[in-house]
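With these hints in hand, go ahead and build the complete structure from the sequences.
Number of protein chains: 4
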Amino acid sequence: MKFSFKNDYSEGCHPNILNALLQYNLNQQAGYGEDEYSLEAKKLIKEKIKNPHSEVYLVSGGTQANLIVISSVLKPYQCVISAAPGHILNNETGAIEATGHKILSINTEDGKLRPSDIIPVLESHTNIPHQVMPKLVYISNSTELGTVYGTEELKELSDFCRSKGLYLFMDGARLGHGLTSEISDLTLERVAELTDIFYLGGTKNGALIGEAIVINNQDLQQDFAFNIKQKGALLAKGRLLGIQFMELMKDDLYFDLARHANIQAMKIKNAMKEKGVEFLSDTYTNQIFPIISNELIEVLSEKFEFYVWKKIDEKSSAIRLITSWNTGDEAVESFIEIIQKEL
Amino acid sequence: MKFSFKNDYSEGCHPNILNALLQYNLNQQAGYGEDEYSLEAKKLIKEKIKNPHSEVYLVSGGTQANLIVISSVLKPYQCVISAAPGHILNNETGAIEATGHKILSINTEDGKLRPSDIIPVLESHTNIPHQVMPKLVYISNSTELGTVYGTEELKELSDFCRSKGLYLFMDGARLGHGLTSEISDLTLERVAELTDIFYLGGTKNGALIGEAIVINNQDLQQDFAFNIKQKGALLAKGRLLGIQFMELMKDDLYFDLARHANIQAMKIKNAMKEKGVEFLSDTYTNQIFPIISNELIEVLSEKFEFYVWKKIDEKSSAIRLITSWNTGDEAVESFIEIIQKEL
Amino acid sequence: MKFSFKNDYSEGCHPNILNALLQYNLNQQAGYGEDEYSLEAKKLIKEKIKNPHSEVYLVSGGTQANLIVISSVLKPYQCVISAAPGHILNNETGAIEATGHKILSINTEDGKLRPSDIIPVLESHTNIPHQVMPKLVYISNSTELGTVYGTEELKELSDFCRSKGLYLFMDGARLGHGLTSEISDLTLERVAELTDIFYLGGTKNGALIGEAIVINNQDLQQDFAFNIKQKGALLAKGRLLGIQFMELMKDDLYFDLARHANIQAMKIKNAMKEKGVEFLSDTYTNQIFPIISNELIEVLSEKFEFYVWKKIDEKSSAIRLITSWNTGDEAVESFIEIIQKEL
Amino acid sequence: MKFSFKNDYSEGCHPNILNALLQYNLNQQAGYGEDEYSLEAKKLIKEKIKNPHSEVYLVSGGTQANLIVISSVLKPYQCVISAAPGHILNNETGAIEATGHKILSINTEDGKLRPSDIIPVLESHTNIPHQVMPKLVYISNSTELGTVYGTEELKELSDFCRSKGLYLFMDGARLGHGLTSEISDLTLERVAELTDIFYLGGTKNGALIGEAIVINNQDLQQDFAFNIKQKGALLAKGRLLGIQFMELMKDDLYFDLARHANIQAMKIKNAMKEKGVEFLSDTYTNQIFPIISNELIEVLSEKFEFYVWKKIDEKSSAIRLITSWNTGDEAVESFIEIIQKEL
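Going down the list, the protein sequences come from chains A, B, C and D.
Following full-length UniProt numbering, the numbering of the first sequence begins with 1 at its first residue and continues without gaps.
Following full-length UniProt numbering, the numbering of the second sequence begins with 1 at its first residue and continues without gaps.
Following full-length UniProt numbering, the numbering of the third sequence begins with 1 at its first residue and continues without gaps.
Following full-length UniProt numbering, the numbering of the fourth sequence begins with 1 at its first residue and continues without gaps.
Because the hints were derived from the structure by calculation, they are not lab data.
Heads up, a few of these hints could be off.
A partial selection of chain A residues facing chain B, derived with a Cβ cut-off under 10 Å [what the hints assert, rightly or not]:
1. GLY94
2. THR203
3. LEU235
4. ALA271
5. LYS275
6. VAL277
Which chain B residues face chain D? A few, computed with CB under 10 Å, are given here [as the list claims (entries may be wrong)]:
7. LYS46
8. LYS75
9. GLY100
10. SER124
11. THR126
12. PRO129
13. HIS130
14. VAL132
15. MET133
16. ILE228
17. LEU234
18. GLY276
19. PHE279
20. LEU280
21. GLN340
Predicted, not measured: the structure shown is a model, and the values here were computed from it.
Glycine included, C-beta positions come from ideal geometry on N, C-alpha and C.
Structure representation (C-alpha cells):
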C-alpha cells in the first residue's frame, strides 16, 4: 500500500471520538441536536470564542455549511464576493447558485481578499436595479492555496465590510490549520469577533464528519435552524456531531491535531527547500505545492499518492501534498529520505 | 431515567457498526464514496435486490434523500403526488418546495396511495400549461401511520404509474420495518422491481446516519452524483456511510433489527388489545397508537417517555409508541406490567 | 361569430389607452419605468389610496405580480396561506413553489379567508424547525369564486394578521370588480390601510397588460425593484404600463369599467333568478355560475361561448359566465332573451 | 428637449403596430397566445426561417426570454458559458442564477465566443461530480459591444457545440441589427439552422414589448409552454405580442427598421472617422463608442443625451451612442454638424 498525501480526509477519525461513540452509544438521547453531547459541544465552543451571544450549529460538511449559511443570509437579489480559488466557486457543483445566488469572483494571487480587491467590485455594481447587490464576503482560512490571514489583515477586512454593510463569512474547513500555522497570530476568539459567521471544520481535522457553524452577528441567528432542516442537514442522531465536537474541543485536541498536520507538512517543505526546491506558493499550513521534475514525480509515485497539481513546463510540475492529523513520522521521513537521495 | 418510546433514533448504532468503524479506522481510503467499504455496501445491496443494473447512492438522512431524488428527477414544471401524512408534506420544512416543486396532497385514511386516489388528481390537472404536471408518486413504506404495502398493492400502483408515465418513488426511512412486518408479503427484490427509486433507511434502523438510495430506472441514473454533491450531501469521508451499510447488509442484520423492533411493538400492542384497548390505526410495524385514559397516560409517564398524539375526548387520548432495534425486553415487560395492573 | 362570456380578457383595451399610446408614441422617455407616464400613474394611485408612503410598481401580469411579491417578502423557510381556490394554488403552474415557497391550502366554502380558518393552520405548524413557518396570508378580492370582502371582514382579518406577525397580501386581479360590487362597502383607501401589499389588476379590467403592485408596509419596500428586474418583469419600455394606468386612473375610469362589467353580469343573473335558476354561489361581481339544464346549455352554445364549470347531475351543470368592461347591452339582452324564451 | 442617443427603447413603437392594435382592438380572441394574431405571427416567423419544425413562443422581454430558456433547458447541475460582457452576466440582477444555474464567464476582446475560448473551460471542468457541467453556450448577436457574427464563425461555433453536446443559444435582443449590419453575411435562416434556440428581439427594434423565442432543437420544445407560464410570462392578452410580431414580420419591416438604425449610426461613425476620431471597438451596428475630448462631450451634451461609457484618460472618454428605428435624419445631421464644426 502506498501512503497517501492526497488529502486530509483519507483516514477515519481520532480515537477519542470512537471511544466516546462507544461509551455513550446506548444512552437514549433527544433527537435533532437536542442531545446532551451537542449541547456540551456548543457550550465548549462558545467558551473558547469567549462570546456567550454567538450561536453554534452542527452540520455534516463544508458544502452543506456554505450553502446553508449563504442562502439563509442573503435576499434573492444579493450576491457573494469570493476570491477566484474559493471552494464555493470551483468545487461545489454550483451549490450556491443552486440556492439562487450569484458569486462574483476576484482574481488574487494568494487566494486572500483585501479591501482593495473588493472596492472595484462594489464600484462596478451600482446600476440599480439591473445588477446583483454584493452583500456577503466569503473567505477561507486557511485558503484553498494554503495561505493564512493574520490578525491585522482580518481586522482591516472586517472593518471594511462593516463600513460597507457587507457580511463577512469565513469558511473554516481548515480553520484549525490556519490558526495553528507557525506564521499566524490570529486566535479563534478574534475570528469570532471579526466575522459575522465562520465555521470550525471537523471533517478535515480528525472528525468523521462535521462542521460547527458559529453565528456571531445576532441579526443572522433568528430562525437559522429552519434553514438547516430545509436543506436536509439536520441529523436525527445529532449526537454523532455532538460527540465529535465535544471530543475535539476538550483540551484543545482540535488545535493539537491541526498543528500536527502543519508540522508534518513543514518538515517536508523544509527538507525540500534545503535541496533547492521551489514552491508554487509559500504556504505554512498542511498543504504544500513543491515544483519538481517529472522523474522525481515518478520515483515518489512508487511509494506515495499525491496530486500532480499544475504543469510548469515540459520537464516539471507542481505537486500538491496534504498532511493530516494522522500523518505519522514514518511516512514523512520516508518521503524526505527519497528527496534527499534523489536531489 | 425514564425509558423513551418517543422514536427509533434515540440510541446510537448497532455495535457491529462501531466495531467496524474501529477496525477500519486508520486505513487510508479514497474520498467521496469511492472507498472500498462504500463499494462493498453497494455491491451487497445490489445482490440483495438481484438487480445488477440498479445504482446505489449513500446519503446522510431522509430529508436529504427525498429532496435530492425529487429535484433531480423532475423538470421545473413537474410536481409530486403524496398522501396527506407524507413526511415530505409535513415534516421537512418545505424542503421539496425549496427546490422548486409543488406537492399535491391526497387525503387517505391509512396513509397509503392507490390508483383510485391518484386518478382524480390527474383528471383535475389537465389545464395545460396553467397547472403543474404531476410526474412523481411519493409513497412511504412503512407509512408515517405505521401501515404497510403488500405485494399486490404495490404491483397495482406500479403498473398504474407506468401506464401513466409517472415515476414511483418509495421513501424507505422505515423500509426494514415495512418489509418485516408480520402482515407483509413484500420483499426487497420486489420493491426494486416495482419502483423507479426507493431507499433503505439506516438512521431509524440501527445506523448512526445513512440512507441508501437505489435507482432502478436507468434513465434516472445519469449524472445523479452531481445532484448529491450540489445539495451538500457528498461526504468527504464516505466510508462512514459505507461501513454502516456494509455491516447492516451482512447476514441480513438490517432486517433482523427491524423485525426486532416490530416484535417489541407487537408485544405491547397485543397486551393492550387483550385488555380491550383500542387503537387509532391497526398497525403491524414498530409504531402503535393506543387510545388510553388520561389517568393511564399519567401513570405511564412516570416511567416512560412517549408522545401524546391526538386528543380523542376529554378523558382520553391516543399516544404514539415507537420501538427500535435496541428496545429491550425489560422495557417492554415493565410497560406491559403497568398496563396489566392498571387496566 | 359567437359572443364570448368565457373571460374578461377577450378584447383589447379601452380606447382611451390606445389613444394615449398614439398621442405619446414618439416622445422620447427614460426606460425601465422612469418615464413620465409611469411616474404620473404612480402619483395618481397614491392619491387615490391617500397614502403618500406607499410605493407603486407596475408589472405585466398577475402570476408575475404574485411570484415577485411572495418571493421578495418571504425568507426561504416561510410559507403562504391561501384559500383552496386561490389562483396561486391552482392556475399558475407552481409559480410560487418554483421560487421555493410552500403554499398551505385552506378549504373554505366561499373562497374567502377568516381568522377562524387560519388559526388551526398556525396551531398545526409549531413543530420548530421541522415545519415551514406560515408568514403571508394571500387573499383575492374579488375571489376566484366571484365573492367579495366587506370592510369589516377585511379589518378583522387584517387585525388578526398583524397580531400574529403575518403579512396580508391581496391579489387584486379583479379588485375593481370587487370594490364596485353592489354589496361591497370596501374602498381602495381602506384596502391600502388594511393590507401590507395589494395590486390593482389592469389586464382583466380594460388594459392590454398590467398590474399595479402597491406596497403599503414600508419594511417591505426596500430594494423591491431588484426583485422585479431579477424575475424578468422590468419592461424596457415601462411607458406601456405607465400610460395604461395613467389612463385607467383618470376620472375613475378603472372603477367605471369594473362597475359596468358587474352590472352586465347582474342583469343576466337577475333575469335567470326570475326564471327560478339556481347558482353555484351567490356572487355580485362579473362572474356568475348559474346551474342550467344540458338542453339549455346546448341552445345557448349556438350563440355564445362560455365554460361548463361543474357537472351537477346527469341533466344539469353549472356554467361560468364572465362579463367585461366591453360587454355590450346587445350581447346581454340577446342572452337574456334566450333565457326568457327557453325557461 | 435634448435628443437622446442613450438607447434604442426611448420611443414607443412603429406606427403600423399601433394601427393594428386599433384595428383589431374589439375582436374577441382566445387568451394566452391562442389568438389568431399570435398564430399568424408564429407562422410568418417559421416561413422566414424556412423551418416548419421549429416552434415559436412570444414573451415580453429579454431577461425573461433568457431566464425561461436557460432554466427550462438545463438540469440542476448544468451551467452556462458566456462571454464576459454577456447581458445575462452583468445586467439582469442575477436572473439566471436565481433559477439555480451558474454562468461561467470567458474574457474575450470583442464579446464573441469561439471554440478556442470554450475548450479551456471544458478542460477545467472535468472533476466529476465536484464541478458544474457546462451545457449551454450563450451568445448575443449583435453582441453587447455592437459586434456581429459572420456565417462562418457561427457555423464553426455551432459545429463545435454539437460535437461536444453543448446547446447553442443566441440572445437576439438586437438580432435585426446584427443581421442587417453592412459587414454581416448571416441570414435568419442560417441562424435557425445553426442554433438550438434563438430569439428575435422586438423591444429594441420597434415593438412596445416582445421577444420571439424560436426553438429549433425539437428535443427542447416539449412542454416549453409550462415554463413560460410558471415564470409569469404568459400574457392573458397574448394578442398584444401577436399583433406586434405579425406587423414586424410583414414585408420585412423588422429588418428595415434595424437596417435604418444601423445606417444612422454608420453616418455618425463615418463623419467622426473622417475627423480622425478613434473608437473603443470597430462596430457596424447601431451602437458606436467614439473616444472624444471632455470639451466635445460637454458641447454635445447641450443638445444630446448619451452615456459616457469609459474614461480613457484625464482629457477624453469613450461615449456610447445608440440609434433606433426612429432616429431621424435631423438628429443625425445636427449631431454631425457639431462634430464637423468642433473638430
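Comparing the hints with the structure gives:
1. For A:GLY94, the shortest C-beta to C-beta distance to chain B is roughly 6 Å, which falls under 10 Å, so the interface hint holds.
2. At about 5 Å, the closest approach between the beta carbon of A:THR203 and any beta carbon in chain B falls short of 10 Å, and the interface hint on this residue holds.
3. The closest approach between the C-beta of A:LEU235 and any C-beta of chain B is roughly 6 Å, which is under the 10 Å cut-off, so the hint is satisfied.
4. The interface hint given for A:ALA271 is broken, as the beta carbon of that residue sits about 22 Å from the closest beta carbon of chain B, more than 10 Å.
5. Annotation: A:LYS275 was flagged as interfacial toward chain B, and the flag is violated, the nearest CB pair being 26 Å apart, outside 10 Å.
6. The restraint placing A:VAL277 at the interface with chain B is violated, with a minimum CB-CB distance near 25 Å, outside the 10 Å limit.
7. A distance limit of 10 Å between C-beta atoms decides the matter here; for B:LYS46 the minimum to chain D is near 20 Å, and the interface restraint is violated.
8. With 10 Å as the threshold, the beta carbon of B:LYS75 comes within range of chain D, its nearest partner Cβ sitting at about 7 Å, so the hint holds.
9. Annotation: interface hint on B:GLY100 holds; nearest CB of chain D at approximately 8 Å, less than 10 Å.
10. Checking B:SER124 against chain D: minimum C-beta separation of about 16 Å lies over 10 Å; hint violated.
11. Given hint, B:THR126 at the interface with chain D, is violated; its Cβ is 13 Å from that chain's nearest Cβ, farther than 10 Å.
12. Interface hint at B:PRO129: satisfied, since its Cβ lies 4 Å from the closest Cβ of chain D, which is below the 10 Å cut-off.
13. The restraint placing B:HIS130 at the interface with chain D holds, with a minimum CB-CB distance near 6 Å, inside the 10 Å limit.
14. The beta carbon of B:VAL132 comes within 8 Å of a beta carbon in chain D, closer than 10 Å, and the hint placing it at the interface holds.
15. Using the Cβ-Cβ criterion of 10 Å, the hint placing B:MET133 at the interface with chain D is satisfied: the shortest such distance is roughly 6 Å.
16. Interface restraint check: B:ILE228 against chain D, minimum CB-CB distance 7 Å, threshold 10 Å, status holds.
17. Hint status for B:LEU234: holds, given a least beta-carbon distance of 7 Å to chain D, under 10 Å.
18. About 54 Å separates the beta-carbon of B:GLY276 from the nearest beta-carbon of chain D, more than 10 Å, and the hint is not met.
19. Interface restraint check: B:PHE279 against chain D, minimum CB-CB distance 43 Å, threshold 10 Å, status violated.
20. The criterion of a C-beta within 10 Å of any C-beta in chain D is not met by B:LEU280, whose closest approach is roughly 39 Å, and the hint is violated.
21. Interface hint at B:GLN340: violated, since its Cβ lies 56 Å from the closest Cβ of chain D, which is beyond the 10 Å cut-off.
Hint compliance for this structure: hints 4, 5, 6, 7, 10, 11, 18, 19, 20, 21 are not met, and every other hint is.
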